[in-house]
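Use the sequences and the hints to build the structure in full.
2 protein chains.
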Amino acid sequence: MTPPTVVPATETATPAAATATAATAGAPTGTRLDPWFGSYADRAHGMRASEIRALFAVANRPEVVSLAGGMPYLEGLPLDAIAEMSADLVRTRGTTALQYGSGQGDETLREQIIDVMRLEGIEAHPDDVVVTTGSQQALDLVTRIFVNPGDVVVAEAPSYVGALGVFRSYQAEVVHSPIDADGLVPELLEQTLAGLAAAGKRVKLLYVIPNYHNPGGVSISLERRPRIVEIARRYGVLVLEDNPYGLLGFDEEPRPALHSYDPEGVVYLGTFSKTFAPGYRVGWAVAPHAVREKLVLAAESSILCPSNASQLAVSTYLATADWMSQIKQFRELYRERRDAMVGALAEHLPSASWNVPAGGFYTWVKLPDGLDARAMLPRAVTARVAFVPGTAFYYDGSGSDHVRLSFCFPSPERIREGVRRLAGVVASELDLVQIFGTAGRSSGRDHDAPSPDLS
Amino acid sequence: MTPPTVVPATETATPAAATATAATAGAPTGTRLDPWFGSYADRAHGMRASEIRALFAVANRPEVVSLAGGMPYLEGLPLDAIAEMSADLVRTRGTTALQYGSGQGDETLREQIIDVMRLEGIEAHPDDVVVTTGSQQALDLVTRIFVNPGDVVVAEAPSYVGALGVFRSYQAEVVHSPIDADGLVPELLEQTLAGLAAAGKRVKLLYVIPNYHNPGGVSISLERRPRIVEIARRYGVLVLEDNPYGLLGFDEEPRPALHSYDPEGVVYLGTFSKTFAPGYRVGWAVAPHAVREKLVLAAESSILCPSNASQLAVSTYLATADWMSQIKQFRELYRERRDAMVGALAEHLPSASWNVPAGGFYTWVKLPDGLDARAMLPRAVTARVAFVPGTAFYYDGSGSDHVRLSFCFPSPERIREGVRRLAGVVASELDLVQIFGTAGRSSGRDHDAPSPDLS
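Residue numbers (the UniProt record's numbering), protein chains in the order written: chain X, 1 to 455; chain W, 1 to 455.
Please note that the accuracy of each hint is not assured.
[Said to hold, decoys possible] What the simulated footprint calls covered on chain X by chain W, stretch by stretch (three residues with Cβ under 8 Å from a Cβ of chain W suffice, anywhere in the stretch; the number is not a length):
#1 77-85
#2 93-104
#3 138-151
#4 281-292
#5 296-303
#6 308-322
For the record, the hints were derived by calculation from the structure and aren't laboratory data. Just so you know, these numbers come straight off a predicted model, no measurement behind them. Where a beta carbon is used, it is the ideal one built from N, C-alpha and C, also for glycine.
Structure (structure tokens):
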């Protein structure tokens, strides 16, 4: 794998995201002696920055069209109103907003979260909710309280890279179970769980993204939802339902959450990162009573309490802004971008195949036969387009024939330009395949930690 | 131990902090069946709410003088200016402040943190800094990357309850090493480490609070600082220097950080929670290069990235407000409260003994012989005064002859009233000792998770 001969940027289109990766990328591993090398915990041994991360430092340059990130498009937010609201908050409730708060989260916000979740059929009590630093922290805490090293987590194939990173960091074994156009396949899930039970494996969690899947783009059908919950219950496996995109369907009403079928068998994770703004880092978990108690204790051990400033800002936004209309605007914005994406794919990349997601941020694209997404990435970045190779979304190293293309952040015009560039790269790769029988293979897995660039 | 016959409040003087504990306290363990009881990870088994937490739900009632918490007093902050600043931030840089950011933290803020740390003799580069969700998260992440179950962490005797909770949650064994009026005692530290080495124990961290110790109130003398660092280095133990209070000395200049003596041997933790405002949850770690790399990966796995909204608010405050003068004001405020505390102790509790802290938030009080701080707490809360029993600050269950009294949040008048009430409780306990030979003993350790109430 030859890195592109470009200079890492310090100023980019998305400066904040770029800084981290640039710093990480700019620090070559192994060139300085680590005096603490022998002191790390076992769980830290798998923690290393992947080649992909280093590349993303470059991919954040403004001349590169990034179809890689999961950043929402925030220009449409009523920033002036939010500015006023922020000032009022500090002026009138500053000594609360700037103080330590509850480990479980602000009570008013937890009540508002109940209202938000009712849109997806969840009936819960504010006591059942734990506010977290983004839903990523909820993922971390749930894994922390359930997973011993060697325990199995069953996840969709493919699954969210950031969740796989969490499971790996707790030394879980991840076993994938297939999805199709209607999401996780119950029959195959049952086979997976039966096989694991027969092998004497301890399965602790079934991790599922039910709506507008990251990276798969699909949603679990209504018919399958109760069946999946029932199967998990029968095998004694807690369902971990991660739902960042559920309210971002383009042409359909929100589907009932898995949680609504079995509140005692499902931990539900939500977030304001995609429907409002990720910069506050406000997510949440809803859990069965005893699990929720442990989540609060784990959260307090981890951060004492979530930010009151952030929580009260989100709470005030929910109380004073027309957040439902804002979500509708987001839906229309992202639908237009989805259309630009699939339109450009049809025009420029007919040799690939893809699904047409009915919501969310991502298209999952199968490359023409013989191509390796990970090996292709450096050449794509040189051609000024970035994507996430499918391998990032599998624990077992598969997925090299897929790429995730996100349509959330770039404008429709940039999306079309990005797909055009990608098509050029694919064409060159196909030429190489024709000449040499292969376009170059990547080796090994992506041991990616989750990162904001891949969210 | 008889709980006081008072009704848990929902509205209190510190509503946010009270909500969490009330929720936890209101949920009696074991009365509802936990269907997931058999699924928890080993590390979760020690996670349970202590009796003390339940009591603090009551202690947060307005009629109770709480000398228990570590909340800074925020009334003195320039709230109008901070309000304006917050509005400007969203108005002019909203799409950055509300967006995902770098996993390592905002680059400008990391530069400003370098300036802050220079006051304590630290020479570091912004690349060495990782911004965290309060320094509590830094504690969690450092422990996560270094500590295997069964590894030893050496901590001062006593030590910060929130750190002990983190070490326990990673199944570390904590071994205490004594402090005196000049802080951690090098000769005894050396004995501790030599004993552990001889016993074949693997010591991963030496956890130290060098300035205005929580709960001890003491600081490590200048003469001892290089010696402690040298001893740790000789035994191959990484120093974890936790310094929330270093700039809050009442009558002295900040002392050089342990980090300044050996940047490769020390991970330094800082926070804006005590010098500005805890509600933003902005802390940081400075670590040797390779450790810092792993910290960033662990941070991203845990929360993707710290809040841009919080980080930019703190960064703007540092850039536009006279934060040094604000810290001076805090020092004067807390000095006055320290004086009220030690004055009241001398007046009302001459049978106890205590130190006169030269900075920070806490006094460490030795009770008269025969008293048990933990057994006394429910009776104190009934008498409308709260403290943290010394047992919370020891891993091994000792400390029952001490209480931590904090003077940061209540007014001088309330502090004097609180000590007066405490003196009444102590007098009653001493009567019981005289009659029965004991005032009642508490049993078992406090398995406290860290909580905002104990911060």
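Do the hints match the structure? See the list:
{"no.": "1", "hint": "77-85", "result": "holds (count 6)"}
{"no.": "2", "hint": "93-104", "result": "holds (count 11)"}
{"no.": "3", "hint": "138-151", "result": "holds (count 7)"}
{"no.": "4", "hint": "281-292", "result": "holds (count 5)"}
{"no.": "5", "hint": "296-303", "result": "holds (count 7)"}
{"no.": "6", "hint": "308-322", "result": "holds (count 4)"}
The structure shown violates none of the earlier numbered hints.
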